[in-house]
Each structure stands twice: as C-alpha cells, then as structure tokens.
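Chemist: If you want the building blocks of each chain, they are given just below.
There are 2 protein chains.
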Amino acid sequence: MPKRPEKRDFPVSQVRRYLEPGPIVLVSSRWRGADNVMTLGWHTVLEFSPSLIGLMVSSGNHSHGMIRESRACVVNLPTTALTDAVVGIGNTTGAEIDKFDRFKLTAEPASSVDAPLIGECHASFECRLHDDALVERYNFFILEVVKAHVAPSPQRPETLHYTGEGVFMVSGKTISRRAQFRPERLR
Amino acid sequence: MPKRPEKRDFPVSQVRRYLEPGPIVLVSSRWRGADNVMTLGWHTVLEFSPSLIGLMVSSGNHSHGMIRESRACVVNLPTTALTDAVVGIGNTTGAEIDKFDRFKLTAEPASSVDAPLIGECHASFECRLHDDALVERYNFFILEVVKAHVAPSPQRPETLHYTGEGVFMVSGKTISRRAQFRPERLR
Chain A
142 MPKRPEKRDF PVSQVRRYLE PGPIVLVSSR WRGADNVMTL GWHTVLEFSP
192 SLIGLMVSSG NHSHGMIRES RACVVNLPTT ALTDAVVGIG NTTGAEIDKF
242 DRFKLTAEPA SSVDAPLIGE CHASFECRLH DDALVERYNF FILEVVKAHV
292 APSPQRPETL HYTGEGVFMV SGKTISRRAQ FRPERLR
Chain L
142 MPKRPEKRDF PVSQVRRYLE PGPIVLVSSR WRGADNVMTL GWHTVLEFSP
192 SLIGLMVSSG NHSHGMIRES RACVVNLPTT ALTDAVVGIG NTTGAEIDKF
242 DRFKLTAEPA SSVDAPLIGE CHASFECRLH DDALVERYNF FILEVVKAHV
292 APSPQRPETL HYTGEGVFMV SGKTISRRAQ FRPERLR
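Protein sequence lines, in the order shown, are assigned to chains A and L.
If you read the first sequence in my numbering, its first letter stands for residue 142, the second for the next number, and so on.
If you read the second sequence in my numbering, its first letter stands for residue 142, the second for the next number, and so on.
If you're looking for bench data, these hints aren't it; they were derived computationally from the structure.
Take these hints with a grain of salt, some might be off.
As the list makes no split between identical chains, a pair holds if one copy fits it or if it spans any two.
With a Cα cut of at most 35 Å, we get these calculated DSBU-like pairs of lysine-lysine [what the hints assert, rightly or not]:
(1) K288 to K314
(2) K288 to K245
(3) K314 to K148
(4) K288 to K144
(5) K148 to K245
(6) K245 to K314
(7) K245 to K144
(8) K288 to K148
Model, not experiment: these values are computed from the prediction.
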C-alpha cells in the first residue's frame, strides 16, 4: 500500500493547480456515521475566490445522497500509486461494501467539514456545498473548498486522467511558457 | 504552422474520451460577422446523452458575450503543436485583435452551428447553448455537443493541461485497466 504523505496547508484559492489539469479524484463523504468514497472524473474549477468547484455526481452513485444530505465532501487527489484502488472504488458501490476497509484507505479527520480525508492521497480538499441549484436537474454540485491539504513533494505528482473504456492517461512532462504570459494573467 | 488534420465524424455521446482528461481547449465563437477564440481550462463533462458539457467562461472574456448572444460555440482540442497559439490566444483579447488572423488559424465552416471550427486542432465539437441558468451567477454555460469531428490519428494526441503560473502538464503514457472493470461500467 502507498504511504500516507505528510501534508501542509495550501491556499484554497490555488487549488486549480491540482484540479484544472483534469485528474481523476476520489470523493469521500460521511452521513449518519458511515463513510464512503467514489471515483470521479467529471469536475471543473469555477472560481478562485471564493474557491468554487463543480462536481457531477450521478444520482445512481451512493455518494450522491450522502453529499446532498451532509452538504459536504472531501475531494482527494490520488496518484498512480493508487491506480488499483481508483479502479476498484469505481467498480463497487458503497451501498454494499465499506470501501475504506475494502481498499485499505485511512480515513483521517478533516478540520472544517464532517467527512473523512483519505490519508494515502497526495492532496485533500475539504468542501462545503455552496449551491445546490443544479443538483436536481444535472446532478451538479457547486462546492466551496474551505480547507486544502497538499503533500509538498513530489512537486509534480503522477496523476490519472480517465479517457473511458478502462483506459487512463498518466500525466507527463511539464513545460513552462511563463515568459510569454502577461503578468496579470499569471495566477 | 501545424497542418490541418483530416477529421471524421465522431459520436457525440463519446466526447468524454477527449474532454474528461482535462485538456486546455480553444473555444471559438461568431457574433455579428466577427469570429473569436479563447483559451479555456475550466470545463467538465456533464452527461453522455444528450451530450452535455459545462464551460466556465469569465464575463471578462470577449467570448462570453459572443457565446451568450449567439447561443453557440465550438470547443476545439489543440495538441502541443499549437502551444504557442494557445498561450498567445490566452494573453490577448478579441476586443482588440482578430485572433484567427494573428495566430494564423483557419476558420472552417461548422455543419450545425454558426461558429467556426479551428482547422489546425485535433478535434472540434460543435455546441449549442442548452441551459443558461447559471450564466448570470457563475458564468457557467451548459452546452450540448451536437456534432463532433475528430482526426483519426494520432490515436493519443499530445494534449496540454494547465496548472497555472504559465506551466502546462503534457499528456503522458496510457495504461489500461479494462480487465478490472465491470462490463456495465465500460463506456
């Protein structure tokens, strides 16, 4: 099993650093004493400050009701060390099994919401439901990231990006074009 | 300049193949005879069928009003061959320059919407505004992909994934875990 990396506080206004590239995330939730986690690839950043993100959580997912009722969740960033867990979590349901137990994940206490962090992930973003206007129609949750925890190394974690049909793209090299940016666009 | 790859029709219900991994896209639009294009990283898939996607287009962008008024746009997928154009487009405004001309992009006719395809991109997804309920509050456009054009090769184009601060992650290798998926989850 992967280790549980030490994490540090990270500015919530900068979570786009980790989410904008489009990685698969693990969304953990808690409701009536039970914890659950799901694999999710349909998400977007919506605003820097307040730090808003949007998640499409299908109503067929056990997590849907848990997030809706508890009005909170944690968005965790797994690396390729967790590939088997990511796939296993996406192919089972919290209605039938305890996924933290089955996939040997460590539920760590959050500081601002009542939902578990996943210790083995590279980063964890504590979220509160900000606006449920589109939950009924599109299963789209608008959440505010209220606390961010990120492992300081590696600086460029190897993330998973889902393409469908059981195939993941893995993050590759990075290139900087910083010198070509207007200063006011550098955020 | 990159070539203009031949494209083929692609099933609109499967555009997640290209968008779920989270690439930077170029969004092209047309309004009152003028064409424009913007660089965008804040988007998500919302539904397979109808093929819905969501784009956060800040109201500070010239494209915002064009998409809002024309109720259409094209989401184009650039590869790393277009990195300089992607950066240039993101650091200029269509209120001042003709970006198709400046960045030597070829505006090709769409089949279903009144907005230009970008010939040099690997794929182009023609979109109609499906729901503007969140445009006012969050600049979030819910669009239906009504026609998709994709170059058949390369099968795994090298895409750009923005992390902020002028730095892009480039798509790397792919790994298949197809054998570990439940058949009904393979879409």
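Chemist: None of the hints should be skipped; say for each whether it holds.
Modeler: Okay, the hints, checked on the actual structure:
In this assembly of identical chains, the alpha carbons of K288 and K314 lie at most 35 Å apart whether taken from the same copy (28 Å) or from different copies (32 Å). Taking the shortest Cα distances, K288 and K245 sit within 35 Å of each other inside one copy (24 Å), while across copies they are farther apart (43 Å). Proximity of K314 to K148 under the C-alpha cut-off of 35 Å is found in both arrangements, the shortest distances being 23 Å within a copy and 27 Å between copies. Proximity of K288 and K144 under a CA criterion of 35 Å is satisfied intra-copy only: 22 Å inside one chain copy versus 45 Å between copies.
Proximity of K148 and K245 under a CA criterion of 35 Å is satisfied intra-copy only: 19 Å inside one chain copy versus 45 Å between copies. In this assembly of identical chains, the alpha carbons of K245 and K314 lie at most 35 Å apart whether taken from the same copy (30 Å) or from different copies (27 Å). In this assembly of identical chains, K245 and K144 lie within 35 Å of each other by CA distance solely inside one copy; the values are 11 Å within and 49 Å between copies. Proximity of K288 and K148 under a CA criterion of 35 Å is satisfied intra-copy only: 12 Å inside one chain copy versus 44 Å between copies.
Comparing the model with each numbered hint stated earlier shows that all of them hold.
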